[in-house]
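Top to bottom, those sequences are chains G and B. Letter by letter, the first sequence follows residues 46 to 404 of my numbering. Letter by letter, the second sequence follows residues 229 to 355 of my numbering.
The set of hints was computed from the structure by calculation and includes no laboratory data. Just so you know, these numbers come straight off a predicted model, no measurement behind them. Any given hint could turn out to be false.
[Stated by the list, open to error] With a cut-off of at most 30 Å between alpha-carbon atoms, the simulated DSSO-like pairs for lysine-lysine come out as follows:
# : chain 1 : residue 1 : chain 2 : residue 2
1 : B       : Lys235    : G       : Lys92
2 : B       : Lys267    : G       : Lys97
3 : B       : Lys267    : G       : Lys358
[Stated by the list, open to error] Label-pair restraints from in silico Cβ distances:
#  : chain 1 : residue 1 : chain 2 : residue 2 : range
4  : G       : Lys239    : B       : Pro347    : 44 to 54 Å
5  : G       : Glu167    : B       : Lys235    : 45 to 55 Å
6  : B       : Lys235    : G       : Pro321    : 52 to 62 Å
7  : B       : Asp268    : G       : Gly356    : 45 to 55 Å
8  : B       : Asp241    : G       : Ala236    : 54 to 64 Å
9  : B       : Ser296    : G       : Gly356    : 16 to 26 Å
10 : G       : Leu385    : B       : Pro239    : 39 to 49 Å
11 : G       : Lys223    : B       : Asn251    : 43 to 53 Å
12 : B       : Asp330    : G       : Thr330    : 45 to 55 Å
Quick reminder that beta carbons are idealized off the backbone N, C-alpha and C, glycines included.
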Amino acid sequence: MGKRTVIPFGPQHPVLPEPIHLDLVLEDEVVVEAIPQIGYVHRGLEKLVEKKDYQQYTYVAERICGICSFMHGMGYCQTIESIMNVEIPERAKFLRTIWAELSRMHSHTLWLGLLADAFGFESLFMHSWRIREKILDIFEETTGGRVIFSVCDVGGVRKDISAETLKKIDKIMDELEKEFKEITDVFFNDASVKSRTVGVGVLSKQAAHDLGAVGPMARASGIESDMRSQGYAAYGKLDFKPIVETAGDCYARTSVRMKEIYQSIDLVKQCIAIIPEGDIKVKVTGNPNGEYFTRIEQPRGEVVYYAKANGTKYLDRVRVRTPTFANIPPLLETLKGCALADVPILVVTIDPCISCTER
Amino acid sequence: MSQQIIKEILPKDLLAETIHLKNEGYRLVAITCTNKKTKDEETSVEKDEMELSYSFDKDYDLINLRFSVCADDEIESVSLLYSYAFLYENEIKELFGVSIKDISLDFNNTLYKIPVKAPFHTQKEDK
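Next up, chain G with everything else stripped away, as it sits in the complex (with noise of 0.2 Å):
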C-alpha cells in the first residue's frame, strides 16, 4: 500500500463551472476515496415558496438553474396543474414538448463543449458551442429570451410559435444534425478522445441502480429508465424510445447524450410535424389544495418536483429533487480506484449543476 495524500479538488477548479469540492484519497496516483462537500451555492429557493405565491413561484423554479430553466418552470406547472385538475390545451403541450427537447439539445451540446474543454480539445470545445450558440438563436426569437424564457405558466404558455417559425425551426433543424455529425465523428472515433474515455470510471449496472443514479449517467449503465417514457407533456404520441448503452464508462456516457441529441433533433420535427392548431392557455382560477409528485426528465436525468398546497394562494411546501443531487454518490463510486488525472473527467461526465443540487 502506498502512502495516503489527501488532495482537495475544487470548490475552484478549471473544469467547474460552480463549485463543489471533494477530498481526494490518494494511494500514490489512484483515487481509493472521495468525501463530498457542497453548501457553497445554497440560495434556499425551496424556502421562498413561503414569501410567493403559486404563481410566482414559477418565475422561482425557472431560476433554480440557468441550463435547465424551461424543465424546471414546466416541472412546476405540470405539478400545481396536477392538484388543481387543470387540462391544458393540446397545443401547449406540443409547446412545452418542443422547448424541453430544444433545451436538452443546448445542455448536452454545451456539456460537450465542457467535456472537450476538460481533456485539453479545445477546437472541440468552440465546435460544440458555436452549433449550440444556433439552439439559443431559436429560443430568443421565440421567447424573446436566450436562458430563461419566462413562458411556462400554471395552464398552458405564454407564448406561441407561428407556423412560419417552426417551419424555419424545422429547417433548422436539418442543418443542426449535418453540424453535430462532424463533431460526433470526432467525439466517438478520435484516438485522443477515446483514450480519455474509453473504459475510465466505469459504473456497473448493479452499481447504477444501487446508488440511485439517474439520466444518462443511468442509461449509459444498461438502465433503461427514462421519465419521457411516462407520457407526460406530447411525448405520449411521439415516437419515443430510452437511448441506453451497457459499457457504464465515460464513452457511454458522452455516447448517450450524443445519441439524445439526434433523438431531441427527431422529437422536435416530429412536434412540428402534427402540432394542433388552438390555444395555447387555459384560465385557472381558485387556489390549489392537495399535494403532488411531479417526474420529469431534464437533460441531466430525472427531476422530483413535489407541491403541498392548502387552497390559499401560498402552499405550503415545493421539493425539487434534482438530478445532479441523485448523482453524487454514483460520481463518488466511479473515482474510486481512477487515476488522479482523470477525477476531472469524470467529475464532468455526470454534468454537475451545482446550482441546481442546491437549490
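Keeping the supplied structure of chain G fixed, place chain B upon it in accordance with the hints.
Only chain B this time, still in chain G's reference frame:
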C-alpha cells in the same frame, strides 16, 4: 401515466418497510420533509410536527412512505439500506432539524454550512 401511492406508516416501521421495498427492487427517489401543524386532540394545543415522505420508484410507479415526527423525536437512518440516502438525510437534518441517527456519512449540520439552525423548520408567521 404512472401511479403514486402514499402509505402512512409509524416511524418505528420505517426500516422494516424500507427493507421490504428494497427487496422488491425499488429505488429510493427522494426524501421530503414538510412542516406540519397539528392540534392535540385532548388539549387542543397546536404543535409543530414534520412530515417525512420517503419516495421509492419501480417501473415508474412511485410509493411514498409517510410519517410525522416532532422536533424532539429521533428516527433511524436508511443509509445502511440505501447508501445514497446520506445526502437526503443530511439535508433534512440540517435544514429542518430532524434528528436522524446512524447516517453512514454524517456531515453534522455542515452540508450547506448555514449559520442559522434548522432554517426551514419555521412556520409562516413572517410571510
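Hint numbers not upheld by this structure, sorted from lowest to highest: 6 and 7
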